[in-house]
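Kindly generate the complete structure, drawing on both the sequences and the hints.
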Amino acid sequence: MPCERKPMRYGHSEGHTEVCFDDTGRFIVTCGNDGDVRIWESLDDDDPKFITVGEKAYSLALKNGKLVTASSNNTVQIHTFPDGDPDGILTRFTTNATHVTFNSIGSRVAAGSSDFMVKVVEVSDSSQQKTLRGHEAPVLSVTFDPKDDFLASASCDGSVVVWNIEEQTQVISWPLLQKSNDVTNAKSLCRLAWQPGMGKFLAVPVETKVHLYERGSWDHVSTLSDDLLTQPINVVSWSPCGRFLAAGSVGGLLTVWDVNSKLCVERQKHEKGFTVCSLAWHPSGSQIAYTDTEGCLGLLDGLGTSTADKNTTKVAAKKPAKDYDDLFDDDDDRLMDEGLSDTKSPAKKAVGWDDDDDDFLVPATGRVKNRGAFLDDENSLDTGSLKLGQDKFGDNNDDAGSSVAPAAPPVAPLRPVYEGPMPTPPQKAFQPGSSPAHLTHRFMMWNFVGIVRGYNDEQDNAIDVEFHDTAVHHAMHLTNSLGHTMADLSQEGVLLACPSTEELASKLQCLHFSSWDTNKEWMVDLPKGEDARALCLGQGWAAVATSTLMIRLFSIGGVQRELFSLPGPVVCMAGHGEQLLVVYHRATGFDGEQALGVQLLQFSRKKRQLISGEPLPLSQKSYLSWLGFTAEGTPCYVDSNGMVRMLNRSLGNTWTPVCNTRETCKSKSDHYWVVGVHENPQQLRCIPCKGSRYPPTLPRPAVAILPFKLPLCQTTTEKGQMEEQFWRSVLFHNHYSFLSSSGYEIDEDAQNLSQKEQQELLMKMFALSCKLEREFRCVELAEMMTQNVVTLAIRYASRSRRMALAQRLSEIALEKSNQMQEEEQEEPEYSSTRRSSGYGHTNVMAGGRYSRRHNQQEEEEDEEERGEELMEEEDGQEMEPEEATETKKRVNPFAKEASSPIKPSPTPIGKMGRANPFKVPDSGKMSASSGQPRVTNILDNMMSSKKSAQLSSSGGKPSKSPVLKPLAPKPKTKTQSTLLQMAATKTANKKAQENTEPAANLQKRPDTPPPAPPADNSENKRPKTGFQLWLEENRKSILADNPDLEETDVIKEAMGRFRTLSTEERLSWTERAKGQSGDAADLKKRKRAEGGEGLENENEKAEADESSAKKKKSLDPSSKLSVFAFNQN
Amino acid sequence: MVSFVTARPAPQAAGTVCSAVPVGRKFLNTHTKKQTDMDPSEVEFLAEKEMVKIIPNFSLDKVFLIGGDLGPFNPGLPIDVPVWLALNLKQRQKCRIIPPEWMDVEKLEEMRDLERKEDMFTPVPSPYYMELTKLLLNHASDNIPKADEIRTLVKDIWDTRIAKLRLSADSFISQQEAYAKLDNLTLMEINTIRAFLLDTLNCMYKLRSNVQ
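Sequences listed follow chains A and B, in order. According to my numbering, the first sequence is numbered sequentially starting from 1. According to my numbering, the second sequence is numbered sequentially starting from 1.
Among these hints, one or two may not hold up.
List time: in silico BS3-like cross-link candidates among lysine-lysine, alpha-carbon distance up to 25 angstroms [what the hints assert, rightly or not]:
#: 1; chain 1: A; residue 1: K719; chain 2: A; residue 2: K709
#: 2; chain 1: A; residue 1: K690; chain 2: B; residue 2: K62
#: 3; chain 1: A; residue 1: K428; chain 2: A; residue 2: K690
#: 4; chain 1: B; residue 1: K107; chain 2: A; residue 2: K666
#: 5; chain 1: A; residue 1: K719; chain 2: A; residue 2: K690
#: 6; chain 1: B; residue 1: K146; chain 2: A; residue 2: K690
#: 7; chain 1: A; residue 1: K666; chain 2: B; residue 2: K164
#: 8; chain 1: B; residue 1: K164; chain 2: A; residue 2: K690
#: 9; chain 1: B; residue 1: K117; chain 2: B; residue 2: K107
#: 10; chain 1: B; residue 1: K117; chain 2: B; residue 2: K53
#: 11; chain 1: A; residue 1: K66; chain 2: A; residue 2: K6
#: 12; chain 1: A; residue 1: K756; chain 2: B; residue 2: K62
Think of the hints as simulated: they come from the structure by calculation, not from any bench.
What follows is the structure, encoded as structure tokens:
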């Protein structure tokens, strides 16, 4: 049925227009927003006659030479036709009528109005009126039953009602339409049409379909639809013969169906795609006149409606199943829509915004937004509230229909109502640290590096880039000709992206300002049909997530790199260093929840995925509002409930809530807009926004700092507070281990400081538990301590007379030492760095010490000795500088520790050391089974712990730990002698070690003056070196050769001679020195050859005394404890 | 990088710094200055020790000064510094100054109205409100929203207070009071009237003693 579409012509000013033919079909009559009724002789009539009926004409109907119009003065008037003389007012409403129509014989006029009423008026006698009340919103359209029994009307309350005119009652009501609060807001005008002739069917445009209801049974018998119809149908009209039904839709599509075959026989598109708001058939059925909302008039000509059709029997065939589906679909759609207008839904919020919101509204974004979000919802809300006072039904809009027709039995099939969880509209992709894209002035990015602002108003479409630190780069002002909507900023460059338009592809632009060449900018077009959704910059790379669920990586210079697919639509991305964090939609969320997944990738030399698509935990009914890394590189995010969560790498990559920004908000509508997270110092940088979620660009918002607080229980109590502090400290220092494991330099001082803080907290908690008589808890705490602190705890426990506790603690201390020893053996580096709850480094030290004590004993003890030497004289290194540096390298802090002043006095060392070099390890091994040796072992631990404790207290005062007071001195016990023995073994071992490398030692020797010959008893305690032995033997000969030589010169001479000896000879001397049982020449090497000998000796003596005194003092507390330990046994 | 002026210049000769002293100015210029008088520039010098928030655009570790430690400075993060440093940094475009809370049109309007209503002096937002306004508006007006209005308002408050001060000085002398309360007066205000009032009293005393 080909037809000709005539070109459109201008009819009325912009706005709603209506059209009809006169009875003969000679004239086309239109009315419009300008208040005129125009009478066109044909479409080509350039000078139509016009009648002015009012300021605006809303609707018209023409029959029997009477023109009825609904005008803006709230009346329905009659004019004669074609003369246009006013013929009186038919009826009035309290507001304007929306639709008027004649009955088939032209005796009555029905008018629906915005005051919810429908009136049926006799044309001949306007006093005979029938008012049909029952609609709960403005009436959209009315239509007469050709037999004049019924009248159908559609209303903004969503219902289509059939009335019995005589009884003025509702016959039936169908809740078919979307609710709205006014005709202008209605999705569709919903012009109903009753089949002419017998009036068998009532055609109701419902969304994109036309429902046909059978007169009498009011069953929904069939549906007319067309695939091309994507937008709601505004108006339907029957052909005069009643076989065809024409429909005009919002998108400007004109469709004609053959009702019998339900086939679409004609499709035409409005030439400009304007919304068709009125349709009229020519009485002959060969033309359709139509008008659009822009006031234009069009005509379809040549509709061959006379062509006979064959199959007419199908009409009655009911398809209940299909109808069911339709209904269900419809229902579902509406529910979805409800969900959309939920204020909490971010997607809707963005949509709800009015585009012309100017900047002044921005400070109150939150509220305005909420208002905006209600825009659609308001309609249903309004009608809902209008229902008040009438019969109450459920607030579900499914009930609306039945509530309108309480009397009528539900003839329509029962509609299944889905009451399960409702899907949440997925949140849209966003750039963390940006305000919504529809604002004219907005932040496109606010991060650690700087601020990118976007302006998009009449004068300017520009982007401002500003750096917090002007040392990075100066501020930039770019014109935004491409219409970029996304931005990211790093120390190296600015990344911008724009969505695709009809002509242009989505573009990615990078201002690589840190480039050293002259090209500071590159641009990439994404493939057609692919839109950038999210982007981020890392160190040396850029990433873009696109609408095709892909992530494309670029180098910062513009080289395309890897690309990979995402499991779902991206929500946002963040980059830091070599890490990329992506959050995407994992699935559909239900009941306000989002189902997000997270991936964390690392692009270091060994590229890997650290978190592979795990669900991202969000607070209930919230969505993601910020995603990023802390300045130290730990992933972090914030949800719309203000909960900040951080990745806990030490707990299997779980997310720990670290702060709730809403807790600090004064009012409910205040929010904090997070711009950055720092772990050291612990700072959450954010911008307080009064009454909104986003800050305005002007006045410039100031950054505020919030503290972190883990949501631990009972943080008002001292215990809770300390626990919170401890775990927060642990969590916020995880990044050290991560950084060091990924090969970055870390601030060891800060790390040690934090570990010290943690241990102090543990000790405090320990003390508190002790006070509260919670010994079990004490033990639990001790498990978390490092071994050194455990020894402190032991002392504390013994001091507060908790013997059982001290006993248990000592077991723990032992376990710890064993454990650390194992760890040290297995994977020394990794275990130490991973340990989060201890002095990472001290652990290594302690562990290392123990392992060495048991395994590489000589070396370890050598270090002890080394420390002693370091402290007592600087020149001491002359003997084995190589070895010293070697050990130092391995455990650097140890050297420091060893130099602490508590040292076993040298006096007993020499003798006892050699006597029993392996005593300590033996007892250590035994300790596992027997009780007594364990004590020694503990004391052993304490020795070392005391040293490290003193290291931290840095006072150099022996035996004064911050917690404990020195105990009253007691007579020495057996234990102390054990201690001395232990110390002695070290020296002995050291000696042995030393002598194994005599050659090396000797080669170094010439650099420094050799030690003086033994002149003092104390010096004799030191083992002698080969050179010294040789010197002793040869001194006389040297003196004989040069009798006038000073002592120093003698040694110089001797050095020279010794060097002239052959290697073998020298070796033999050292062998002798090694084998010699004489009391080590060791002490001698400390001797300063330059100094006067006597003085030197005195010093030496004094020093020795002092150190032994120190030693005694230092041993006091431990000896006290050991006394206790023995008492225990 | 940033180098700090670690010693700030002492106030220069009177007359170059503050011109907001309508009453005292004349006397300072015409009479020989006594040791007891304080120069407006000296008062301003004291005011410069007040703390003000700035947002630095550079990063620097803690600076150790005689007056106390400042910093560390993190770009983009607000920090409290003395006014003299803030102004110095501002002049070198190293920071943005965040105006003090009271430097807000609404609050100042409220204050002005109260000041006009009350007979006594009302408490001022800062003991150096005049000096700070002057300094900040002269050097950092681009960081202060509605700078002109603020300037006018503060001037209004100042004028009101000085008028009150003159009135009370007048009644003080005419009623031959022995003492007067100086509640809620700022240093600048006191110094504005001090020279004039003391000289006047001296002069009157001389005249009176000659009469008797």
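Hints not upheld, ascending by number
2, 5, 7, 8, 10, 11
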